[in-house]
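Protein chains: 2
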Amino acid sequence: MINSDFALGLHSILLLAADKDACLTSSTLSSMLKVHPVRIRKVLSKMKNAGYIESKEGAGGGFFISCNIEKVTLKDIYTLTHDDLMKAKCHSCCPSCKIGVNIEKVLDIILSDADEKFQDYLEDYSLQKVLDKMQQM
Amino acid sequence: MINSDFALGLHSILLLAADKDACLTSSTLSSMLKVHPVRIRKVLSKMKNAGYIESKEGAGGGFFISCNIEKVTLKDIYTLTHDDLMKAKCHSCCPSCKIGVNIEKVLDIILSDADEKFQDYLEDYSLQKVLDKMQQM
DNA sequence: TTAAGTGTTACAAATATTGTTACAGTTAAT
DNA sequence: ATTAACTGTAACAATATTTGTAACACTTAA
Numbered sequence: 081m082i083n084s085d086f087a088l089g090l091h092s093i094l095l096l097a098a099d100k101d102a103c104l105t106s107s108t109l110s111s112m113l114k115v116h117p118v119r120i121r122k123v124l125s126k127m128k129n130a131g132y133i134e135s136k137e138g139a140g141g142g143f144f145i146s147c148n149i150e151k152v153t154l155k156d157i158y159t160l161t162h163d164d165l166m167k168a169k170c171h172s173c174c175p176s177c178k179i180g181v182n183i184e185k186v187l188d189i190i191l192s193d194a195d196e197k198f199q200d201y202l203e204d205y206s207l208q209k210v211l212d213k214m215q216q217m
Numbered sequence: 081m082i083n084s085d086f087a088l089g090l091h092s093i094l095l096l097a098a099d100k101d102a103c104l105t106s107s108t109l110s111s112m113l114k115v116h117p118v119r120i121r122k123v124l125s126k127m128k129n130a131g132y133i134e135s136k137e138g139a140g141g142g143f144f145i146s147c148n149i150e151k152v153t154l155k156d157i158y159t160l161t162h163d164d165l166m167k168a169k170c171h172s173c174c175p176s177c178k179i180g181v182n183i184e185k186v187l188d189i190i191l192s193d194a195d196e197k198f199q200d201y202l203e204d205y206s207l208q209k210v211l212d213k214m215q216q217m
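If you read the protein sequences in the order shown, they are chains A and B.
Take 81 as the starting number for the first sequence in our numbering and just add one per residue.
Take 81 as the starting number for the second sequence in our numbering and just add one per residue.
If you're looking for bench data, these hints aren't it; they were derived computationally from the structure.
It cannot be assumed that every hint is accurate.
Pairs involving identical chains hold if they fit within one copy or between any two copies, as the list cannot separate such chains.
[Stated by the list, open to error] Computed cross-link-like contacts, SDA-like style, restricted to lysine to any residue with a CA-CA straight-line distance of at most 25 angstroms: (1) K197 to G142; (2) K185 to D204; (3) K114 to K185; (4) K114 to Q215; (5) K136 to M81; (6) K185 to H116; (7) K136 to S111; (8) K185 to T153; (9) K155 to Q199; (10) K151 to D195; (11) K151 to G138; (12) K155 to Y201; (13) K213 to D164; (14) K185 to M214; (15) K185 to M81; (16) K185 to S206; (17) K122 to E184; (18) K136 to R119; (19) K197 to L160; (20) K209 to N182; (21) K185 to K209; (22) K155 to S84; (23) K151 to S206; (24) K128 to D204; (25) K100 to D195; (26) K155 to I190; (27) K197 to K209; (28) K151 to V115.
When you get a sec, could you build the whole thing from the sequences and use the hints?
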């Protein structure tokens, strides 16, 4: 589900979204977020591929927002960064365990549905809405 | 959020719930779930403290269900086992970053709310309902 | 009295995450 | 055209987290 890439990516894109004309380097973001520049570039490359931001190489380059921040939501960021819900974490059961035969399927269905509710909620929050909410505090 | 303790704990308690008279040892569960007995005892001790199962020490001992499996839900299991949503994972921002001042608070609020929706869904699934759903497959 | 359990702690091993180094490619400025 | 400041990416190192192990006190049934 939510992992640290989500937090990092969201934090970064909010920084870019806060000033549409800003072009921040991974190095600048790095010192703001206390995370290594290479990792920032990795996470931001996903945002770039999704078209939410753009990057400019070379001197004076960096990252800047390139989407409608009223339309891009936390769900979109989640989609880019989330882990599979439990795929790797669900224990396989031996064949002798009758329950185990179906438990993975059933949990997969239930948890996927629950995750959908989670995402539905995230979808209500555009980047703009998050920025607004921060202003109000 | 959901971690492997959830999967492990849930799987274990479903095995116990499937047969009310069964008394399974951590060793038995261990070989079924391919997880070390000590870890199973650790996770099950939480379920025990919550009153969902009981344990019997000594020879012939083990774990057995002790709750109304129509009433205990996936949300209850989640509550016992989940990690904090992002507490440790959210990046603190330096003071110079105006956004960072509030971002943690705002994300905390939004994500807590989203998590609530997730839990609301889990609450619909009693252990009995999960077992029933497995039968139907 | 012994064998088979739980409960719990301290520690080891394995795995996953994050940081680091290195370098090719791009761009702006001189 | 050269240089300095960037991105993009891969391979590897360091760190943190998770999981497994060993040890042992305590409990219970046979």
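Verification of the supplied hints:
no. : hint         : in the structure
1   : K197 to G142 : neither (35 angstroms within a copy, 37 angstroms between copies)
2   : K185 to D204 : between (29 angstroms within a copy, 18 angstroms between copies)
3   : K114 to K185 : between (40 angstroms within a copy, 18 angstroms between copies)
4   : K114 to Q215 : within (23 angstroms within a copy, 50 angstroms between copies)
5   : K136 to M81  : neither (31 angstroms within a copy, 36 angstroms between copies)
6   : K185 to H116 : between (39 angstroms within a copy, 23 angstroms between copies)
7   : K136 to S111 : within (19 angstroms within a copy, 55 angstroms between copies)
8   : K185 to T153 : between (30 angstroms within a copy, 18 angstroms between copies)
9   : K155 to Q199 : both (6 angstroms within a copy, 18 angstroms between copies)
10  : K151 to D195 : both (21 angstroms within a copy, 22 angstroms between copies)
11  : K151 to G138 : neither (30 angstroms within a copy, 61 angstroms between copies)
12  : K155 to Y201 : both (8 angstroms within a copy, 18 angstroms between copies)
13  : K213 to D164 : between (29 angstroms within a copy, 22 angstroms between copies)
14  : K185 to M214 : between (40 angstroms within a copy, 8 angstroms between copies)
15  : K185 to M81  : both (18 angstroms within a copy, 20 angstroms between copies)
16  : K185 to S206 : between (33 angstroms within a copy, 17 angstroms between copies)
17  : K122 to E184 : between (32 angstroms within a copy, 22 angstroms between copies)
18  : K136 to R119 : within (17 angstroms within a copy, 50 angstroms between copies)
19  : K197 to L160 : both (17 angstroms within a copy, 21 angstroms between copies)
20  : K209 to N182 : between (41 angstroms within a copy, 14 angstroms between copies)
21  : K185 to K209 : between (37 angstroms within a copy, 14 angstroms between copies)
22  : K155 to S84  : both (15 angstroms within a copy, 24 angstroms between copies)
23  : K151 to S206 : within (6 angstroms within a copy, 37 angstroms between copies)
24  : K128 to D204 : within (22 angstroms within a copy, 39 angstroms between copies)
25  : K100 to D195 : neither (32 angstroms within a copy, 31 angstroms between copies)
26  : K155 to I190 : both (19 angstroms within a copy, 12 angstroms between copies)
27  : K197 to K209 : both (19 angstroms within a copy, 19 angstroms between copies)
28  : K151 to V115 : neither (27 angstroms within a copy, 45 angstroms between copies)
When held up to the earlier numbered hints, the structure conflicts with 1, 5, 11, 25, 28 and fits the remainder.
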